[in-house]
Amino acid sequence: METLATEGKRADGRGINEYREVKIEIGMLNTAEGSAMVHLGKTKVLCGIKMLIGTPYGDSPKSGTMMTSTELAPLADQSFDPGPPREQSIELSRVVDRGIRESRMIDFEGLCIEEGEKVWTVFIDLHILDNNGNLFDCCTLAAAAALSNAKIPNVQHG
1 METLATEGKR
11 ADGRGINEYR
21 EVKIEIGMLN
31 TAEGSAMVHL
41 GKTKVLCGIK
51 MLIGTPYGDS
61 PKSGTMMTST
71 ELAPLADQSF
81 DPGPPREQSI
91 ELSRVVDRGI
101 RESRMIDFEG
111 LCIEEGEKVW
121 TVFIDLHILD
131 NNGNLFDCCT
141 LAAAAALSNA
151 KIPNVQHG
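With full-length UniProt numbering applied, the sequence shown closes on residue 158, and no number is skipped along the way.
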C-alpha cells in the first residue's frame with residue numbers, strides 16, 4: 001500500500017483523484033414497485049422496492065413503515081457465507097435505513113391509509129451481486145434510485 005501511495009495509485013489501479021465509474025439503471029424489475037441496479041466501479045447492487053399494507057406502530061399511528069434488508073450472497077464475494085444475515089449485512093441495512101429516514105426521502109405520513117389501522121409498509125431489498133468495495137455508497141445509491149421510481153400499488157382494500 002505504501003508503494004501504491006507513493007506512486008499516486010490505489011489498489012485497483014485508479015489514480016488518487018480518480019472516481020469509480022457510476023452507472024444507474026432504474027425500473028428493470030416488473031414484479032417490484034420500484035427497482036434499480038447500480039454499478040459503482042466493479043461493485044454491483046440490485047435494489048427492489050415492495051409495498052404492502054400493514055399496521056402502523058403504536059407510537060406513530062399516522063405513519064407508514066419501512067424495512068430494509070441486505071443480502072450478501074457468496075456469489076458476490078468469497079468472504080460472504082451462506083446462511084442467516086451476518087453483522088456486515090445488518091450494518092449495511094441499518095446505515096441505508098437511517099440515511100433514508102434522516103433525509104426525509106419518504107413521506108411516511110403520506111403512506112397512511114387509515115389512522116391507527118392501515119398504512120403502507122415499504123420494503124427495501126438490497127442484493128449485492130458483486131463486491132469490489134464501496135458497499136455503503138452503492139447500496140445507498142441503489143435504494144435512493146429504486147425509491148425514485150417506486151409507485152404505490154393500485155389495490156382495493158376493505
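Any given hint could turn out to be false.
What the hints assert, rightly or not - When the alpha-carbon atoms are kept at most 20 Å apart in a straight line, the in silico PhoX-like pairs for lysine-lysine are as follows:
1) 151 - 50
2) 151 - 118
3) 118 - 50
4) 118 - 62
Everything labelled a hint here was simulated from the structure, so no lab data went into it.
Hint check results:
1. For the suggested pair residue 151 and residue 50, the alpha carbons sit about 9 Å apart, so the restraint of at most 20 Å is met.
2. Taken as a hint, the residue 151 and residue 118 pair is honoured in the structure, with Cα atoms around 18 Å apart against an allowance of 20 Å.
3. At roughly 16 Å between alpha-carbon atoms, residue 118 and residue 50 fall within 20 Å of each other, so this suggested pair holds.
4. Distance hint between residue 118 and residue 62 is fulfilled; the C-alpha atoms sit about 9 Å from each other, no more than 20 Å.
Checked against the numbered hints above, the structure breaks none of them.
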